[in-house]
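**Q** Use these hints to put chain B onto chain A, whose structure you have.
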Amino acid sequence: MAVAGDKNVLFASEQADTLRLILYLIIAVALMVTDHHSGYLRQARAILGTLAVPLYRVAQAPVEAARWLYAAGSERVRLKEENDNLRAELLLAQARLNAARIETEQNRRLQDLLDVGRRYRLSGRMVRVFDVDIGPYRQEILLDAGAGAGVRIGQPVIDAYGLVGQITATTADSSTVMLLTDSNHAIPVTNARTGQRAVAYGQGRDDRILLPNLPMNSDIAVGDELLSSGLGGRFPAGFPVAIIREVGTDANGTFAQAGAEPLARLRRSAELLLLEESEETPMIEQWPQDGFGPPHVAPIASGTSS
Amino acid sequence: MSSGRSFSRLLLLAVLLVYLLTLLPLPGVLIHAKPFWLGLLVIWLALEQPSYGTLGFAFALGLGADLLLGTWFGEHAFRLLVIAFIVRRFRPRLRFFPLWQQTAAVGALLLNDRIVILMLRSFASSVSPDVLYWLPALTGMILWPLLIVVLDDLRQRLRTRNTA
Chain A
3 MAVAGDKNVL FASEQADTLR LILYLIIAVA LMVTDHHSGY LRQARAILGT LAVPLYRVAQ
63 APVEAARWLY AAGSERVRLK EENDNLRAEL LLAQARLNAA RIETEQNRRL QDLLDVGRRY
123 RLSGRMVRVF DVDIGPYRQE ILLDAGAGAG VRIGQPVIDA YGLVGQITAT TADSSTVMLL
183 TDSNHAIPVT NARTGQRAVA YGQGRDDRIL LPNLPMNSDI AVGDELLSSG LGGRFPAGFP
243 VAIIREVGTD ANGTFAQAGA EPLARLRRSA ELLLLEESEE TPMIEQWPQD GFGPPHVAPI
303 ASGTSS
Chain B
-13 MSSGRSFSRL LLLAVLLVYL LTLLPLPGVL IHAKPFWLGL LVIWLALEQP SYGTLGFAFA
47 LGLGADLLLG TWFGEHAFRL LVIAFIVRRF RPRLRFFPLW QQTAAVGALL LNDRIVILML
107 RSFASSVSPD VLYWLPALTG MILWPLLIVV LDDLRQRLRT RNTA
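Protein chains in written order, with the numbering used here: chain A, 3 to 308; chain B, -13 to 150.
It should be emphasised that the hints constitute simulated quantities derived from the structure, not laboratory data.
Small disclaimer: the values here were computed from a predicted structure and weren't measured.
Note that beta-carbon positions come from the ideal geometry of N, C-alpha and C, so glycine has one too.
Honestly, I wouldn't trust all of these hints.
Just so you have them, the derived chain B footprint on chain A, three or more residues with Cβ under 8 Å [what the hints assert, rightly or not]: (1) 27 to 33; (2) 58 to 68; (3) 129 to 142; (4) 262 to 271.
Taking CB as the label site, the calculated pair distances span [claimed, not checked]: (5) 111/B to 82/A: 45 to 51 Å; (6) 125/B to 151/A: 36 to 42 Å; (7) 82/A to 129/B: 41 to 47 Å.
Looking at chain A on its own, in the form it has when it is part of the complex:
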């Protein structure tokens, strides 16, 4: 049997194989270049990608089973302890939430006074992370929700501790998040202490993002917290991003630079929050008919003119 199988290979011309190799390699390279430089294949990926979802589910099953076994096997005492801890944390969070609610209310009133026309309402949606390995060097993770569930490309993703990244690709049932540590990722930030603005670039490493090209005299110190500045409009302002871990100068010594550690638990979250920005109905009721003058704003107009 083995001999019969071997025969055609022994006498198969090696040239045919080489030709085929060259042909296939050319196709592969063409595909890679197309995929990298243009969006032609994005559509194909979005459609075919749904085929991969069942495999993701099966692949993460052992992890879920292990987790379940751990929960079942761990002692009652441990669970009780964990439960108590969680309850304490919840209480604390609740208290903070209440404090925040007061501030939100104040903020709303101030904004009403300032009469900000365009306003965003932020809402989050829990999305499960596919616990599959797509390569330890890839600064990307897969989410168990896709375009079918309303996930859009460009949506910011956060966890309980800070910003995680943004959606870069979607299929009907899954989506890809580019982490803010990806070397193609950049996010505008401000220093919470000084208000200085900068752009933080991913470096392809899990634990660092880089703030290059800062002025030499900038006031930046280890331990400063970086918040998203909201410039550029992709990320909402005020979310914690990273904490400065080292400050130095670049190779030429002309600029200062800083390394920061992302606050979000980038690879250890089982669930993430997708931020949705819904534009609140603008306050501006109508523009003046004659084409100049301030627009009539609903609440004030009804309050003062009548």
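**A** Relative to the frame of chain A, chain B by itself:
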């Protein structure tokens, strides 16, 4: 060769299994040690079942992996093509190597594969691998003799069952 049908069915199963193994998350540092299962499958097929382990098969298997892992279309295909071609080219020699020598050859192939990835990636962005980056080649090489023994045993059983 009457077992052709059942073999293709087994092969389909093996492909699914290899995809799953590739996606399987591993805890801690083990994630860096995960062998290139797709490559091992292609090497074995090209060595033992050359009528199945063709360049076309490697290409298709690679495209499937690209879809699954979200890499550029063609990246895994390119890697597996290189592996399949080298194995097919040196098949007569590789097949009659003693096991340890064959294992070393597989290690070299997998090491070469890591270099191919670096080459492909460097076109898009600068890459700087650390020591752990080379670990999958080593684990793949260590697994090879075990794999050979298990698969040969499996094939032997299949054969006896078919003739019986």
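**Q** Which hints, by number, does the structure contradict?
**A** 4
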